[in-house]
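Enquirer: Please put together the full structure from these sequences, using the hints given.
Heads up: the sequence lines are chains A and B, in that order. With the first letter of the first sequence counted as 1, position 185 gets the number 1105 in my numbering; the numbers rise by one all the way through. With the first letter of the second sequence counted as 1, position 337 gets the number 1257 in my numbering; the numbers rise by one all the way through.
A few of these clues could be false.
[Unchecked claim] Simulated DEER-style distance windows between Cβ atoms:
id	chain 1	residue 1	chain 2	residue 2	range
1	A	Arg-981	B	Pro-1145	23 to 31 Å
2	B	Ile-1082	A	Thr-950	52 to 60 Å
3	B	Thr-950	A	Gly-1121	42 to 50 Å
4	A	Ser-1255	B	Ser-1196	27 to 35 Å
By construction, these hints were calculated from the structure, which means they are not laboratory data. We put the CB at the ideal spot given by N, CA and C, even for glycine.
Chain by chain, the residues run as shown.
There are 2 protein chains.
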Amino acid sequence: MKENITIKQIAQESNVSMATVSRYLNGTVTVSDEKRQQIEAVIAKYNFTPNTNARSLSLGRTMTLGIVIPDISNPYFYSLFLEIQKEATLNGYTILLYNTSFQQNRKEPEEEEYFQKLIQYRVDGVLVLGGQIDLASPSPSYLQALNRLGDSLPVVVMGHPIPESPCHFLDPENGSGVTTLFHYLYSLGHRNIAFIGGNAGVRITETRLAAYKKLLDLHRLDSQPDLVVLTDYYSQDGYQAALSLMEKSCPFTAVIAANDNVAIGAIRAFGDKGFSVPYDISIASCDHFSAGEYSIPRVTGIARDTYLLGRLLIDTLLQNIRGTSEDISIDFSSSLWEGESCRTLGK
Amino acid sequence: MKENITIKQIAQESNVSMATVSRYLNGTVTVSDEKRQQIEAVIAKYNFTPNTNARSLSLGRTMTLGIVIPDISNPYFYSLFLEIQKEATLNGYTILLYNTSFQQNRKEPEEEEYFQKLIQYRVDGVLVLGGQIDLASPSPSYLQALNRLGDSLPVVVMGHPIPESPCHFLDPENGSGVTTLFHYLYSLGHRNIAFIGGNAGVRITETRLAAYKKLLDLHRLDSQPDLVVLTDYYSQDGYQAALSLMEKSCPFTAVIAANDNVAIGAIRAFGDKGFSVPYDISIASCDHFSAGEYSIPRVTGIARDTYLLGRLLIDTLLQNIRGTSEDISIDFSSSLWEGESCRTLGK
DNA sequence: CATATTTATGAAAGCGCTTTCATAAAGGTG
DNA sequence: CACCTTTATGAAAGCGCTTTCATAAATATG
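Expert: In structure tokens:
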């Protein structure tokens, strides 16, 4: 292992001062040709790379952005992340990623620990994408930790705004996806539409559920509690939800699922019980991604524009860091991707 | 935004020296009750958190581990990551994650940049999981960057060993999965077995392909070049591969796919052309994960023990950091998970 | 050519923390 | 009780970098 070599040593060996080496490295000021060559030679000789910690300490700025994300393997979050990372890099920032594997019933306050760490690392800004913020009522200690974070740094949160918080909020879920799906299924003739969403108590679910109920109301349809099953976002959850839907005796011909994975799990469960999608049951997903394009049948669903959203998130944060805070609002384009999982009723 | 407060200010306001505050924070030495209380009060008042950069600088150690991973959304890598993160945290390390979104034909040398950054950040150790190292012949500049990384820090690489490298290598792929699948399909009566693997030129693919060819040989079966299609690891690749398999006139009754996603894409393609899995064609996956458990039909495949592997990787790195380097070798348990995508031939 | 301006450079202070060294106070020993 | 440990504390140096301030050299200006 090579011992760490410092600017000081580079300076000595190339017969210049530390200041000059530093200036050469940062290009802040022109260095004479002669010295530049000496310096370059010595740097190359030792493969020298400046110590970022020391630099940050001296600069009072780390050029690092923290991002706290509940489940990076979730395609929705992953695509947001990719866009954010790209934009951050272009602006000279390095990303410090914390994947919290947030699960509702988990005891460990992982997110709070990560908030604390981000403060300690003195990152220049933080992006919080979902997680406990999405719970209908986040724990007091979480809220305190988030506020403390917002007090120390520029923070942009993707989720429902919390009153009096020093953070900035951006809430892309307004139930419009459910509305689109509902109208679509309704126009195909479906009147008994079930809803298998994400976890109860989670904001996004509540919003979608509210939209769902409002639509039932609008169309003068009865709201059947038995047609609502809330679970989680994985295939196994869709599977379980579909089973429980079938156990109840309330009839239904169509299902709105929280995302593609849930829809795929449900298709599997229906199939296992002898029902076919879309012939017996239609199913559509609130959150389309590539998994739904290769399943059998392909899952019809709402494709959200993560490209735009990711960009908006990082841009907002960068603006915050630069102090030119300015509230933006954008209509998120989302479109219906049609597979074969829905079918006109009664044909 | 709160201005940053330092140990010095805490010390002044609680009438002790900086040294005492530092000692209190790190618990290195007992501090008298009286002073401790003063200090605690002032810290609470300001919500003070020590600056990690300064700490690292002074300590010459960052308690940070770098991990470079080609695609964290890939379930295989994600499960490795979760295990690694858990173990690292338990040992007091924070993870700096770089997702390279490595793609073979990409021009940008992302990985090399990240190696450089990790050196600059003076992380205490690095884990490189796949990526360009998996190419049959990584570029010279990549190798140089990797070696430079290994020269500066303890580095553990998951991938095929490179001679003379200062890094440690751990190569979990030996083709045994393909062997298991082949025997399984053979025992079901299949003799015309196709292989749709990951990218050509990638080590893991070559290893699996070599195993595949050796098995054909062993069973005295003809090796048909038309039955081998190399693409990538996503569903769309499986889809394309299956199409191209059907275009050729070489008959086959079974397919070994690189992973579940590829298998699912292939099933889709066969279906689109009027063939049913498993009735017309059997298909099995080298890398089983949950996606294959909910597809229709469920995909039979090799489940690799990522729990064990992740643990081995991080343990090896930690040992390296502690200087107690010791080569371990473990047999990776992998087991056959049976779905419904394979069927006895001719019944 | 004398003076004013620009440019290249170095010395040294400072970023926020840890730790060595020194010292004073407290406790233990025969 | 004199002496030796142990324990709690502070002063100050040092980690590797940036940057201000000062200075010397080079160039421009009238």
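Enquirer: Starting from the hint list further up, note which numbers the structure goes against and sort them upward.
Expert: Violated: hints 1, 2.
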